[in-house]
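Residue numbers (our numbering), protein chains in the order written: chain A, 1 to 183; chain B, 1 to 165; chain C, 1 to 323; chain D, 1 to 605.
Don't take every hint at face value.
Each computed EDC-like pair below joins lysine to aspartate or glutamate, with the alpha-carbon atoms no more than 20 Å apart [claimed, not checked]:
no., chain 1, residue 1, chain 2, residue 2
1, D, K543, C, E167
2, C, K61, A, D53
3, B, K92, B, E104
4, A, K80, D, D522
5, A, K179, D, E528
6, B, K140, A, D113
7, A, K150, A, E168
8, A, K179, B, E150
9, D, K49, D, D66
10, B, K146, A, D113
11, A, K169, B, E150
12, A, K80, B, E159
13, B, K44, B, E104
14, D, K566, D, D66
15, A, K179, B, E126
16, A, K80, B, D134
17, A, K171, D, E528
18, D, K543, C, E207
19, C, K61, A, D113
20, A, K179, B, E15
21, C, K61, A, E90
22, D, K513, A, D53
23, B, K149, B, D131
24, A, K123, B, E117
25, A, K80, B, E133
26, C, K34, A, E90
27, D, K516, A, E90
28, D, K516, A, E15
29, A, K165, B, D134
30, D, K425, D, E562
The set of hints was computed from the structure by calculation and includes no laboratory data.
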Amino acid sequence: MTPENPNPLPSIIPEKDWKKIQRMLSKRSLWMVHFCTGCGAMEMPPTMTSRYDMERFGIIPMATPRQADLLLVTGYVAVKTLKRIVRVYEQMQDPKYVIAFGSCPINGGIYWDSYNTIKRLDKYIPVDMYIAGCMPRPEAIMDAFLKLMKDIDEGRADGWLRYKKYYEKYKANQRRVFKRWDE
Amino acid sequence: MNAVGIFKELGIEYEEMKVKGNKDPRYRAKVDPEKLEDIILKFKNNGFRHFVALSCVDWIKEGNMELIYHLFSYDNLEDVFLSIYLPRDQPKYKSLRHLFPQIETYEREIHEMFGVEFEGNDRLGEFILEDWEDMPPMRKDFDTEKYAKEKYGSVPLVEEGGEKE
Amino acid sequence: MTDWANILINAGLTALYLFLAICVGLLFMGIARKVTARIHNRVGPPIYQNFLDVGKLLAKKSNIKHNWIFDFAPLFALAGVLLALAYLPMGGYRLLSGDGDLILLLYILVIPALGFALGAGASANPNAGVGVMRALTLMLSYEMPFLLVLLSLMIYYNTASLTTLLEKQMHSVWAIDVLPISALAADIALQGMMMEKPFDIPIAPHEIASGPLVEFGGNYLGMLMLYSAGSIVVETSLFVDLFLGGGIVLNPAVYGILAYVVNYIVWFALIFVVWMIAIFINAVFPRFRIEQAFKFYWKWPTLIAALGLAQAYIMSVILGVSV
Amino acid sequence: MEIWSAFGIFVLVPLIGALLSYLARKYAVYLGLIFALVPAIALYPFYGKEMSTVVNIGVKLNLAFDVTTWFFMLMLDTVALASMLFATSYVRKGEGGFSTLMLLGLAGANGVLMARDFLTLYIFWEMMSWSAYILVLRSSGEYARRYMLFAVLSAYLLIMGIGIYYYYTGSFLYSAASGIPLSGWAWILLFLILGFAVKMAVFPLHVWAPYAYRSEQPFVAFLSGGLSKLGTFGIFMAMYSIAGVAILQGFGTFRSISLFGYPFAVLGAFTAFIGTILAIFQDDLRKLLAYSSIGQLGYVMVGLGLGTPLAVGGALFHAFNHAFFKAILFLGAGAVIYRTGKYRISELGGLGYRMPFTFLFVLFAIFALAGIPITSGFISKWMLYEAAIEKKFVLIAPLMLIASVGAFLYCFRILYGVFLGQLDKEHENVKEAPAPMLAAMALLMLPLLIFAIFPGWILKWINEILTGANIGTLKYDTYAYYSSIGGADMLVFWITFMLLFMISMYLFTRKRKVTKVVDQYDNYLAGETPPYVQLHAAHNFYKPLRDTWAPLLRYSVDRAYEKFVKFFIEGFEEIKKMYTENPQDYAAYLGIAFLIFLLVGWWLL
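All chains should be modelled from the sequences, with the hints used to inform the complete structure.
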């Protein structure tokens, strides 16, 4: 594993604190890119605008995965969409986190018997946070953001680490469902 | 010229469908596949300029596929459903996209979902589903639940609990 | 000996002023987000949010790079903007502006833009190419009124050096009282120069996925955020130095260190006001299309700037007013 | 004796070289290189020597050598050397004609610079024009015809000027210019300046440039880099050493600027503006560089027109810079065409990754053209702006400033369209340009860098030229340069720039180990993964700008000339109808003609 981002001032900041600072920084400024797959995208405008305003926690929508470190998968995931979601996920830079909205990514939801939607997002890309509900309301989404920030702080949100560690397994699962572009 | 007149002129027995809450007249007629093209042309020249949809019904028990051509006329607000029946095992019919351009898209979808062949339409093939090898999924003999359980259920979970930082 | 000591003190002060300028720039970005939020009737992030954002970007664990030309963007952008800051008197202290004049500063402002455009072009993303094309077209449009404004100032004050311009404004009245029309045109041009809505056409997130910034992430984006912070201070401070006397209230020769501190606070207040004007416009305007922006800038602001130039020309050449 | 060696080296050696390379066809290109090397190197010991002589070869040629000649020869011979070095790998081996004609052109150019009487000037001017015409003819007859049309026009204008000069002074010597009335001077200067302005492609007479600049690139680098400077030299000599500042001021002054020079300054400003705007919309790389060359020479025309020491100094310095950075650009374009065979910007793309050195040289030349302070291109533009603002010219200064902003647009179009963006599959295995080409471009890059760090050196030479023509002096020292309203110190600039560059370098390279390099197809395209799609956004690059300029772009001087020519052709067709081959008509014409003469004769008496 290549050493992540070395400590800039080893003499001043002890190694352990540097990791804590990195986690605090990435917690306080989560930049998100959201993949409007299903019916969840409609829940984002209320969370951004004046009633709930997620920007108070430093969460703002960004245009490209290169600039973002939080991917929101909002709704059922068709096989065709999963190929693009994996591509966008791999274009993001570590540390990156994934939140899946609604019951469809958890267990397929109302499309449990459909032939072209996947039933559990976790098998294909590491998901740090699921929000149950057949489209959660903005309150649930805000609660999820706060929980994710606590997870990041305590180091539990390590989806990106798992993706690097089990990369071959994840790719094998993906190859069973769609043809990867780099094959 | 309204739909009933055209039907009488062509000598096709038709049936008027009463639909609650819809006062516009709607007619349904079973038509001989060979003569379908001229009939549609006749309707098209007499005010039925709007081709609403081409849909397909899979009658698995009778063993045939029904293609329904749905036309609508703005002049006297009438709907006409012309349907033909094709054998279910190799359903094949000629493409009518030269009458209405949008027929091509419906034909591509029906080809992918029901497996109906349309000669003259060169853009059949992969349309909505990507890398799909199995049989056309909308046919009644395709069991989606078994397919879903078998394809997505069998994917193993990646081991939980990667080591913490 | 004093010559070397003098140079060292100056270098130290310049470094301090540059560091302060970048911090002020980040603070201003935070304030802008807070003010825009309050206009949108929501709470908005804390003022120091941009410091956290830059920290997060520089602390990211992995980085994406395309090719060696891609590295030009952060290097030239940050070096160029710091150079522009060095040649700009801030809070009355002249930094290096004694050794260079307004035209040198105009061309130094181009170094970061061109370096950033090269890096964006090297990212081989069509969005970036279209974004840079829009940025250069926008530059051609707002430079027309801005150059006329600079000309009117140079003609009226008969100097191209910023230090003499500040001294003349210190002894007599601010330039905005003498050439108000040019000041108005300059403020409109400033809106385009700072790429605030309605002129944030090149970095439009919805249309071209934030234009030239599309492939920059992590360390690159952190450096470019420092560049945009610096460029905010450069543009606002340029307006303040040209038209509002550079914030000089106490004559440094008379009061010494106290004058520099007081002038810095006044200068800070003035650039804050200029920044707030831009942000209020930014919070409520939609985004123009690039043709509209070009037509707009070459019509009304150019007319206003031409009026200002005519006024300066008449006063300085025909009426012979010498300052 | 000294002058003989000067005349020998700079005129006879290239002539002999031309003859030899014509005979030894196989080694022509290498011979051309050696014979171009001799004048370029022999130039340096000649600095500071003032000498003149009369060479009698049937007709008496007055020749002289002074700082002005030396300064312009420095430009011309170095660019010629670079072109010949470039041509060794660009031109096919058996091509005898190329180096012969280039050496002929070089000899003619050096002769023009050393001439001190109009007859010699005209002889060498024709030699240079003809060799350039045949060189353009090598690539296409149509371009050559247009170039010839304007070369002949410039020759006739020169003859008109020389004729009136001879009428008043009775001799061709420059120094014999005394006792000419002001009106005489007006006509002489007008014809001479217009004659030389054709060579500099000033606005109404620029039409030949976009065509002639599409011939072979090494020659075009010499034509636009070197030969167009002869126009500058001619105008400078006509206005400031033959006529002299006193006569120019005699035409009346407007804020201490001679009323004769001011309209040419305005014309130059318009040329700069129009040349830049046209250059922005060109898709053909060579036409774009041609219009940009017209624009940059517009700046030089402004400087010469204004006449203050800062303006003329700026013009000479800008001509010097233009000779070098334009030659690099044309050689760079030649290298790209040599490797890919394509010259349309929208067809190229991503070559910067395959040809890194060519990209770096062209990038440095673009910095010089745009006037970025890292190169000496900035100083010459700075001098021209300060000259215009010092004298409070509110028409010339905005046109020049907005033209320089326009220059950034087409500069980036070249860089992005050709060198950045997505690399086409076709050009994946394009190799770097061969060594002689790179050496040629490196040679031309040196002066732009050296004089950016030590501007004092070149300002000393320019100051000598200005004092020679008693125009005035420049305020400068080795690192800095001043005008009455401002100044800049390059030493401080360079130290600060280096320090700040190191700071951002440190801040940036901290994460060298965790950076992953991705190829050009791993791009964010909304998650889409096109297998192979050419997504190079350089096609029709400034479309929104072109749409807003469309109403103005309809008018073009090119089409105006074509309409003018068509008007004459149709007119002569009508007249031709007169000959109707039957005798009665001819008899009738005779009768009418006789009648007309009778009437006119009666009316006159």
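Hint by hint, here is what the structure shows:
no., hint, result
1, D:K543 / C:E167, "violated, 45 Å"
2, C:K61 / A:D53, "violated, 28 Å"
3, B:K92 / B:E104, "holds, 15 Å"
4, A:K80 / D:D522, "holds, 19 Å"
5, A:K179 / D:E528, "holds, 14 Å"
6, B:K140 / A:D113, "holds, 15 Å"
7, A:K150 / A:E168, "violated, 29 Å"
8, A:K179 / B:E150, "holds, 18 Å"
9, D:K49 / D:D66, "holds, 6 Å"
10, B:K146 / A:D113, "holds, 8 Å"
11, A:K169 / B:E150, "holds, 19 Å"
12, A:K80 / B:E159, "violated, 25 Å"
13, B:K44 / B:E104, "holds, 17 Å"
14, D:K566 / D:D66, "violated, 47 Å"
15, A:K179 / B:E126, "holds, 14 Å"
16, A:K80 / B:D134, "holds, 16 Å"
17, A:K171 / D:E528, "holds, 18 Å"
18, D:K543 / C:E207, "holds, 17 Å"
19, C:K61 / A:D113, "violated, 40 Å"
20, A:K179 / B:E15, "violated, 49 Å"
21, C:K61 / A:E90, "holds, 14 Å"
22, D:K513 / A:D53, "violated, 38 Å"
23, B:K149 / B:D131, "holds, 19 Å"
24, A:K123 / B:E117, "violated, 37 Å"
25, A:K80 / B:E133, "holds, 14 Å"
26, C:K34 / A:E90, "violated, 33 Å"
27, D:K516 / A:E90, "holds, 12 Å"
28, D:K516 / A:E15, "violated, 24 Å"
29, A:K165 / B:D134, "violated, 33 Å"
30, D:K425 / D:E562, "violated, 41 Å"
In the structure shown, a violation is registered for the earlier hints numbered 1, 2, 7, 12, 14, 19, 20, 22, 24, 26, 28, 29, 30, in ascending order.
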